[in-house]
Structures are given as C-alpha cells and as structure tokens.
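Chemist: Letter by letter, the chains look like this.
2 protein chains.
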Amino acid sequence: MDHLVSQAESAEDMFCNSSPCCNDAGFLQKNNSLDEKSRMVGAFKESAKNQMCDNSERFTRAETDFSNLFARDLLPAKNGEEPTIQFLLEVVEILTNYVRKTFDRSTKVLDFHHPHQLLEGMEGFNLELSDQPESLEQILVDCRDTLKYGVRTGHPRFFNQLSSGLDIIGLAGEWLTSTANTNMFTYEIAPVFVLMEQLTLKKMREIIGWPNGDGDGLFSPGGAISNMYSVMVARYKYFPEVKTKGMSAAPRLVLFTSEHVTLHLGKKKTLLHYSIKKAGAVLGFGKENVILLKTDERGRVIPADLEAKIIDAKQKGYVPLFVNATAGTTVYGAFDPINDIADICEKYNLWLHVDGAWGGGLLMSRKHRHKLSGIERANSVTWNPHKMMGVPLQCSAILVREKGILQGCNSMCAGYLFQPDKQYDVNYDTGDKAIQCGRHVDIFKFWLMWKAKGTTGFEQHIDRCLEISEYLYNKIKNREGYEMVFEGQPQHSNVCFWYIPPSLRGMPDGDERREKLHRVAPKIKAMMMECGTTMVGYQPQGDKVNFFRMVVSNHAVTKSDIDFLIDEIERLGHDV
Amino acid sequence: MDHLVSQAESAEDMFCNSSPCCNDAGFLQKNNSLDEKSRMVGAFKESAKNQMCDNSERFTRAETDFSNLFARDLLPAKNGEEPTIQFLLEVVEILTNYVRKTFDRSTKVLDFHHPHQLLEGMEGFNLELSDQPESLEQILVDCRDTLKYGVRTGHPRFFNQLSSGLDIIGLAGEWLTSTANTNMFTYEIAPVFVLMEQLTLKKMREIIGWPNGDGDGLFSPGGAISNMYSVMVARYKYFPEVKTKGMSAAPRLVLFTSEHVTLHLGKKKTLLHYSIKKAGAVLGFGKENVILLKTDERGRVIPADLEAKIIDAKQKGYVPLFVNATAGTTVYGAFDPINDIADICEKYNLWLHVDGAWGGGLLMSRKHRHKLSGIERANSVTWNPHKMMGVPLQCSAILVREKGILQGCNSMCAGYLFQPDKQYDVNYDTGDKAIQCGRHVDIFKFWLMWKAKGTTGFEQHIDRCLEISEYLYNKIKNREGYEMVFEGQPQHSNVCFWYIPPSLRGMPDGDERREKLHRVAPKIKAMMMECGTTMVGYQPQGDKVNFFRMVVSNHAVTKSDIDFLIDEIERLGHDV
Numbered sequence: 020m021d022h023l024v025s026q027a028e029s030a031e032d033m034f035c036n037s038s039p040c041c042n043d044a045g046f047l048q049k050n051n052s053l054d055e056k057s058r059m060v061g062a063f064k065e066s067a068k069n070q071m072c073d074n075s076e077r078f079t080r081a082e083t084d085f086s087n088l089f090a091r092d093l094l095p096a097k098n099g100e101e102p103t104i105q106f107l108l109e110v111v112e113i114l115t116n117y118v119r120k121t122f123d124r125s126t127k128v129l130d131f132h133h134p135h136q137l138l139e140g141m142e143g144f145n146l147e148l149s150d151q152p153e154s155l156e157q158i159l160v161d162c163r164d165t166l167k168y169g170v171r172t173g174h175p176r177f178f179n180q181l182s183s184g185l186d187i188i189g190l191a192g193e194w195l196t197s198t199a200n201t202n203m204f205t206y207e208i209a210p211v212f213v214l215m216e217q218l219t220l221k222k223m224r225e226i227i228g229w230p231n232g233d234g235d236g237l238f239s240p241g242g243a244i245s246n247m248y249s250v251m252v253a254r255y256k257y258f259p260e261v262k263t264k265g266m267s268a269a270p271r272l273v274l275f276t277s278e279h280v281t282l283h284l285g286k287k288k289t290l291l292h293y294s295i296k297k298a299g300a301v302l303g304f305g306k307e308n309v310i311l312l313k314t315d316e317r318g319r320v321i322p323a324d325l326e327a328k329i330i331d332a333k334q335k336g337y338v339p340l341f342v343n344a345t346a347g348t349t350v351y352g353a354f355d356p357i358n359d360i361a362d363i364c365e366k367y368n369l370w371l372h373v374d375g376a377w378g379g380g381l382l383m384s385r386k387h388r389h390k391l392s393g394i395e396r397a398n399s400v401t402w403n404p405h406k407m408m409g410v411p412l413q414c415s416a417i418l419v420r421e422k423g424i425l426q427g428c429n430s431m432c433a434g435y436l437f438q439p440d441k442q443y444d445v446n447y448d449t450g451d452k453a454i455q456c457g458r459h460v461d462i463f464k465f466w467l468m469w470k471a472k473g474t475t476g477f478e479q480h481i482d483r484c485l486e487i488s489e490y491l492y493n494k495i496k497n498r499e500g501y502e503m504v505f506e507g508q509p510q511h512s513n514v515c516f517w518y519i520p521p522s523l524r525g526m527p528d529g530d531e532r533r534e535k536l537h538r539v540a541p542k543i544k545a546m547m548m549e550c551g552t553t554m555v556g557y558q559p560q561g562d563k564v565n566f567f568r569m570v571v572s573n574h575a576v577t578k579s580d581i582d583f584l585i586d587e588i589e590r591l592g593h594d595v
Numbered sequence: 020m021d022h023l024v025s026q027a028e029s030a031e032d033m034f035c036n037s038s039p040c041c042n043d044a045g046f047l048q049k050n051n052s053l054d055e056k057s058r059m060v061g062a063f064k065e066s067a068k069n070q071m072c073d074n075s076e077r078f079t080r081a082e083t084d085f086s087n088l089f090a091r092d093l094l095p096a097k098n099g100e101e102p103t104i105q106f107l108l109e110v111v112e113i114l115t116n117y118v119r120k121t122f123d124r125s126t127k128v129l130d131f132h133h134p135h136q137l138l139e140g141m142e143g144f145n146l147e148l149s150d151q152p153e154s155l156e157q158i159l160v161d162c163r164d165t166l167k168y169g170v171r172t173g174h175p176r177f178f179n180q181l182s183s184g185l186d187i188i189g190l191a192g193e194w195l196t197s198t199a200n201t202n203m204f205t206y207e208i209a210p211v212f213v214l215m216e217q218l219t220l221k222k223m224r225e226i227i228g229w230p231n232g233d234g235d236g237l238f239s240p241g242g243a244i245s246n247m248y249s250v251m252v253a254r255y256k257y258f259p260e261v262k263t264k265g266m267s268a269a270p271r272l273v274l275f276t277s278e279h280v281t282l283h284l285g286k287k288k289t290l291l292h293y294s295i296k297k298a299g300a301v302l303g304f305g306k307e308n309v310i311l312l313k314t315d316e317r318g319r320v321i322p323a324d325l326e327a328k329i330i331d332a333k334q335k336g337y338v339p340l341f342v343n344a345t346a347g348t349t350v351y352g353a354f355d356p357i358n359d360i361a362d363i364c365e366k367y368n369l370w371l372h373v374d375g376a377w378g379g380g381l382l383m384s385r386k387h388r389h390k391l392s393g394i395e396r397a398n399s400v401t402w403n404p405h406k407m408m409g410v411p412l413q414c415s416a417i418l419v420r421e422k423g424i425l426q427g428c429n430s431m432c433a434g435y436l437f438q439p440d441k442q443y444d445v446n447y448d449t450g451d452k453a454i455q456c457g458r459h460v461d462i463f464k465f466w467l468m469w470k471a472k473g474t475t476g477f478e479q480h481i482d483r484c485l486e487i488s489e490y491l492y493n494k495i496k497n498r499e500g501y502e503m504v505f506e507g508q509p510q511h512s513n514v515c516f517w518y519i520p521p522s523l524r525g526m527p528d529g530d531e532r533r534e535k536l537h538r539v540a541p542k543i544k545a546m547m548m549e550c551g552t553t554m555v556g557y558q559p560q561g562d563k564v565n566f567f568r569m570v571v572s573n574h575a576v577t578k579s580d581i582d583f584l585i586d587e588i589e590r591l592g593h594d595v
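If you read the protein sequences in the order shown, they are chains V and X.
Just so we're aligned: the first sequence equals residues 20 to 595 in our numbering.
Just so we're aligned: the second sequence equals residues 20 to 595 in our numbering.
In case anyone wonders, no lab produced these hints; they're calculated from the structure.
Please note that a few of the clues may not be correct.
Identical copies look the same in the list; a pair holds intra-copy or inter-copy alike.
[What the hints assert, rightly or not] 20 Å max Cα-Cα, derived EDC-like pairs, lysine to aspartate or glutamate:
no., residue 1, residue 2
1, 422, 225
2, 333, 307
3, 221, 150
4, 222, 153
5, 264, 326
6, 306, 331
Construct the complete structure from the given sequences, taking the supplied hints into account.
Modeler: Laid out in structure tokens, this is it:
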C-alpha cells in the first residue's frame, strides 16, 4: 500500500480563489485532523512549485490482495485512499481489456446462455443478493463475469440495434459523468453541464435551420420520451387549459403518424412504430386517436393520405392536433417528405414534429442532409445522438422551436428547487422544464465527442456508415439467394432483405413458401447467437414475413465485416 | 507506444465455448488480416498456459504525448490500441484525483462562478463547439476543467440534495455500465442486466413485505417518472379503456397527495411536492384534479382530511382513483401514516401508492423501518436507491404488487423488438412494460453495491446517517440563534431550522422580522457558495419563511462536519 505517494494535492484550490470572504484560508481546515493540517502545509509548498491549478498526481499501480478487503475499507474509510485507487485501477484493467476485445474480431460478439442457465449460476457467477458483504476480490470477479456473459454492442460485427459501437471519447465522458455524480435540475449543482447542454442544443437548432438557433430543448431519457414531450408541448400550445383541467377540457384530439401496418400471422399481431401510439396512450389521448398514415413501397408517408385523414377527422368532429413526420424509420430507414407534410400542417394549423431519433444524425452530413429537407419548418424535433452519431447510451434531444413553451407546459413552480432569491440568474435552472425532477447528465459525453471530433468528424462518421451499407446493398441486390424487401437504394443505413435458403429457391410464391420463409431469419439469428459470431435484427412488417434488417452506425465496421456477415448467413442458412 | 505488451488476449473465448456449431473456430478469423491471424495463434498458446477463461492482461502506463493525437487515432483506428489505453488511463488519473479530493476536507465543495463567467471562458476553458477536432491533450484539459468548475456532490460537506456521496463500488459499477453500453429493452442485448434487475426488484418487494416478493417493477429515470408510472397503472387498473379511448372514456378522476401548502410572499408563489401534480398534468387528469391533503405540524397527512375530501369529491360527482402516501417528504422528511391511509383506501376502493423515493431506504434498517409500517398494503411503491442508499444517479424503482399490470398498461406489441419467435423465453424482454423504448441500465451499480455491502451494509449506512442528523438536531434544538421549524425529533435525516442572526434576536415577531428572516438563509447560502466551504438547501414552506433544510445521505459525513456546518453558518451569518 505504500506504493501510493500520498502527497497533498488539493490546497491549490485555495490559491486559485480570490473571493474576499475566502482570504482566511484557515477555516477550511477547521475540524480537520492534525495530520491533514500538516499535509496542507506540504500542499502549499507543492503548489508553489507547480503551475497554479495544475493538480494532477500520478497514480502508481500496486499488487493488492483484495480477498481481505471489503467495500467498508474504501473511501471514506480511514486509510481508504490507497485501496480505493488500487480497486478502481483493477476495475479499469477489466474494462480496458473489455474495450480491447470489443474491437478484436477474433473475439465473439456474445457468449449466449438462456435465462435459466444464468439464473442457475454459471461457473460460480451467482446473481443472488445476500445479507453479508462480499470481498472486493469477489466483486472484481462479478465485474468480469458480468461482461463475459453480456453482449459486446461495440463489436464490429454487432448489427442488432440502431445504437452500436463504443466511442472511446464518449466512454471517457461517461466515466467522468458518473464520477461527477450530479444531475441537471439546477445551475447550482451542475453549472458546467447545464451550460454545455444549452450551447449544444443551440448548435443543434442551428443545424436544424431555426433562425439564430433560437428555441428550447432538453436531453431526455430516450426517443420515446422525447416524442412524448413533443405531443405534450403541442397540446399545451393549442389547449393550454388541459394542463389544469385535464383532457376533458379539450375536444377529441387526434394525432397522425406513419403506419407500418399491423401484421397477422397466426394469432400474432405486431404493431411497429410505437412511440407516438405510446405517447397517445400515456398522455390520455387514447391509442385509437393516433391515426396511422399510409406509406409508399419505400415506407414513406403519402402526404395525400394525411390530408384525406385530416379532412375525415374534421368531418367526424375530431380536432387534428399533431403530425409526426419520421426522419429515418426504424426498419426501412425511410424519410417522410417533410416539406409536403409541412405544407399540409400549415394549411390546417397543426403542430409538426419530426422524429429524427434515427435519421437526425444525417443533418451533420452535407451529402445526406437533403433527406431531411424541410425540417426547419418543424415545430419540434427528436434527435438521438446515441443512435447514428455513435454517442454512448443515453443521449436523446427534444428540440422545440418556440422558446418558453417547455417551461410553460411543464412548470409547477417547485419552490424548493427553483428559488427566485438565489444569487445567480435562475433562468439557468432547467429542472422545471422537464417532466422529471432529477435528470441524468446525458450531455457531457456528447459535448466531449463534439470537441474531439469536430462537426466534420461527425460528418465523416455518417458518410462512412452510409457508404458501408451502400456496399452491402450493392453486394446483395443481385446476389443469388437474396431478395430485397423494397426496391432501390435505401435512404439511410438500413438494408432490408430476405435470405432464401437453397431449399426454398425453386418454390413458387404462396402460403407455404411464405410460412417457411418466415421461419428462416429467426432460425439463422438463433444460430448466430449460439455461435456468437455476429448479430443482426429481423422482423416482419406489414404483409411481409420475417426479413433481416441490417443497420450500420458503428464506425468500426469495415467492408470485410459486411463480407463476413453475408458468408455467415449463407453458412448458417444453407441447410435451413 | 511500445510499452504496451500487445499479446493476444481473446482467443480463449473460443476455448470456453462448447456449442456444436462453433467447433470450427476458424470461421471466426475469416476476413481478419494476416496480422490478426498470427496474433490468434499466439493467443491459443497463451490461453493454454493460462487458466481457462482467465483473460486479464495487465496494462502498463507509458508517457504519451497527446498533443499530436486525436480521437481518430483511437480504436477502432489501426494501431489504436495503445493510444486508447493510454488515453483512458490518463482520464482515470484525472478521475481518481477527483475522487481523492472529493473526500478531502481541505478541498472546497465548489469553485463558484456565475453563468456569464463560465460562458466567457474561464482561463481558456472554452465551452463552444467547433467544426474542427481538438487534440486529445486539449480533451484531457477539458475533462479537468469540467470537474474543476463543477460541484463535488460527494464531499462530506455537501448537504444540498437528497442524493449525495460518492460510493466507490457504485462508481465502479457505473464505469462498467457505460463500458458495456447497452440498454434494457430485451434479454437478447442485456441478458445479465435484465436478470439482475429482476432479482433485485424481487428482493425489494420482499423487503416491502409483499408475499413471496411477487409483483412487478422497473427501474425508471427518477422518482417523478416512477410516480407517474404508479398513476398510469392505477388508471389502467380501474379504467383500462383509457389506454385505447383516452381520458374522455373515464369520468372525472381525482388523485390525492400531501399538501405542502402554497406560499405567498410578495408576488412569488411556490408549490412544493410537485411530482404527483406533474403526473396529473402530463397524463391528462389536469392539475386541479390533484387534491392536496392537509398535514399536521410535522408535515404528515391527516387521514381524516383524506376521508373528508374523498366524500366531498364523490358528492361532486368526481371519481376518487388514487392516493399517494409520502414516506419521507422532501423538506420535512415526514412519513404519512400508511396504515391509516390504507384503511381509507380499502374502504373506498382506491389505489394506494407509497412514494418512498426518499424514505424507502429506511426499509433496510430494522431500527427505522417501522416508520413505513403498512407499506405492504400499498398497490405500488416508488423507492430511489440513489437517494438515501447512496447509489450513484440515477437509480429509481417503481414496484407494483399486481403482476402483469405494467405490461398490460404499457404494451404496444412492438413486433420488431419483441419477437415471439425468438429462441429464448421472451418473458424476459422487458421493453414493452416501459414507456421508454431504450431504457438505461440503472441496475448494475446498485446490484454491485448490494453484493459488496450486503443488506447489512445498507442498514449500517441508513442508521449512521440518521444518527448524524440526530446529533445535529440535539446540538441546535436549544442553541442560541436557532429555531426549529417543527417540534420534536425528525423522522428522517431532514433537520429544518432557522438561523437567527444577532440583529434579529431581540426583534418581536411580526411582518418586519419575517421579511428580514426570509432573507437570511439565501444570504448565508450565497456566501457559502462563494466561499465554497459547504452547501445546504433552504426554502420556504407554507406560511414559514425561508429556512435551512439539512439532510444527510452521504456516509462520509461525520459529527465534525456537522460542527463545521454550524460554525460556518454562524461565521457567515453573524453580521447578516
């Protein structure tokens, strides 16, 4: 334990402060032990030697026996400093090994086990909680096991989710965020993060194209909540009395969003695109008042259908309130025609929301941002940097064009949080804009990545991911054994296709083939997971049976990983 | 860069796998470069030497010049492994220095600056984002500055929020969670975390006292959202048609919660206890249908007032739906009498929710859990381990006694996430129970802390924090210059008091004294923040002018820190 040089490191904070009431530095050590006082004298000398405010101290790794150490021996325990540092370094070693392996293609994407296997305890990995503490040695083993039986979402062959990859700067940002362990509700307890959020949201609004980047926004816990905010704000804009009196104060309000139609296969019924439906149910509109819009063969909303349904709703005496245009649908990656939809919204005076949770990232690319043309006409936008921009989970923004409306919608004037008699400008206290009270710090990792990559770095990331998926599209569009789910080049990095195993290639179209084909993707996926070689999503959509949906959002993916995926599908699917 | 021994570390995963389809380990290296293939050969040899599946590799710290390195040089860049490790180690050094200082009483709690000062750029700390990337050296400086200008919420003299402290095990858990970078919606992508959540929630339900720990639950993004879930589930239980048809399908529903009455001072109007109000507004009930209940002088709901208001509401033709009993109010730390409230809820067939966001932790203490007596009769419970149990932010549970109702309430059957044709038991896919789609992994840090401390460790934590605040209460209850806001020993760790500066001590009660006293706490708080010595919250409540609310939830706090706080209030407040 004596490897750690415990030189005093912190008294320089006092040197850096010129507030008059702090001239008497002595009071800071009041009630400190004598030992601490002598350390402080050392610190003054140390500080004079060093550059002012440069307070780094190098850690030293020491062999430590963790089998007799427990959580209670760590800080704030007496003499807890060295075990704390050594324990954290040991954890970091586990994590850096994991990071290395994440990018190593000779490592599996996952080591699959069924729930009952993990619950029974794999090789001593016991998930049950007990009354008595475990040693730090056991805690380190638990950390290793947790990673061992998890899924490497940053692996270059993990294609299963819209969020993938492991950005090192973003990771560092998250580590710092958890160390700072604060939340976003007031400037008082999160001064730097609150300002970073404000500046970053403004930048995002500028990129959307709102004049001067004016408006408002928040980072929220995911795209579904961001979309829910948009519906709430729309309701508040047109029917502010609902906040006080409830939905009974408003007429029957209807919301419109893209239909990715229901599917009937046996008794299973699946509904895609559910976040606006969910918002409708949660907020008291009712699911049936969320009206689904027809899409073309590429999954884009047909504007004429929107107008027809608005007219129909009005004729029934309902009040159309809100239209969601999706910029990047989950399955097809389709971009609804925002300008055409905006024309209709203007004509009928409806709130236009753009759900760019998945596609918003394309705004960063000069080559691809035209796909969101018209987004500057939206009243609100959802944009999840944790999807296409590779930011670690979670990072989702709701952006609103009208300033003050988030506050108006959600403010409850909670006096104990937002005192008007504070010494600083309380307009920076954002808590009352949110439906949450404490809000997690989701901004720092994103801000840090933006600093480290620059706007141009995000552009390169987007362009590269779309180039990789174009490579996939070109590779399979005419390849034997593949059928594309829709014609033409995808708009986003989504590539949707069926793999047709040799046993089905000669079979005429019809119910039997459909039923068999429906089972192909699940079978191949199950084998992929058992093998742990790669992961890719599948789902049915509308009247289309299960197909693979490939997406690329991880900048670690190369063309050779795409080749690997295709070879792997063919290897595993050959005899299906 | 050659300090890092780059031995292959990962091929042993293949050794550990016995799945028949993986016997041909060769396919895993398909498309890997020759270089990677040769590393794998080394890995096989290495693996044979080592214990099976033991894959740790010691990192080596190396002096690295980060001024010419950029994010693009890190993994997955070619040769990115060593810069990645060195960069992460550098970040860890910054973080461990911060951790050390957090517990060092000679360090300030914060280095306060006004928003405009930080926005102008403190000593080169530039918050603005730019098009071009910054060097990793600058990124490291940005990390240091972010921490420097933030608030040390783990400092033993930070008493400002219900969440405080910096638990080292919890911190390690958060670092691991961000490295795993996945989310909770399916077992497929979060197998271990999903099971940990399930087991931990069951344990919490057992502690609440529900038979066999049966029921349901989720970790949600904070107490306000957890409380919102409880209202949604209650609505679904009694009026399931609202999910489909909206609030207009239900009669006028009313909710009841504790009143911490409105305050009028000048033109300012503040409302406390806002999460149920907020839920009422968000979910379409309307704020005015959230009826506030009278409290006794200690801040506890008066059951007779609840019954009177239920009867009154029914007479008006409204339908009482839901009662929130608070276990640990934010300001007074009061516990509503749950059994008395439960009797009334049973009599009138209402949903009983217990908001134990702050007080739920006391369930872990044999000495204090009687304060929540009757909680086993609740239909739902909010319990935030990130408050009294010292778990890092965020960690909030909503627990529901009836199994299946969360799913019924929130399910939208999103086919692309929750395929019934998966190869594992899809009952473990929790995504459709939540109002979010992607849900952050909030469980791991808590699970790891529970492992490391045991149930008994949490009990000691709770008992110690309450003992420290009892010390404060005893110290000031009869001390000159202090007045307690309410009589008698507090139920939780909240101690509410006025400091009466010498200038007000002789003054007779009346408007002038009230107005002057109202300004005392804000003035002292502002000086505390300028000095950075300590932080404690204040607020008005009801007809009571601004008073200090002390809370203790950080196990680093000692009696000497309490002495320090009192000395500091007197030092700063003497001439106010």
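Chemist: Can you list which hints this structure breaks, lowest number first?
Modeler: 5
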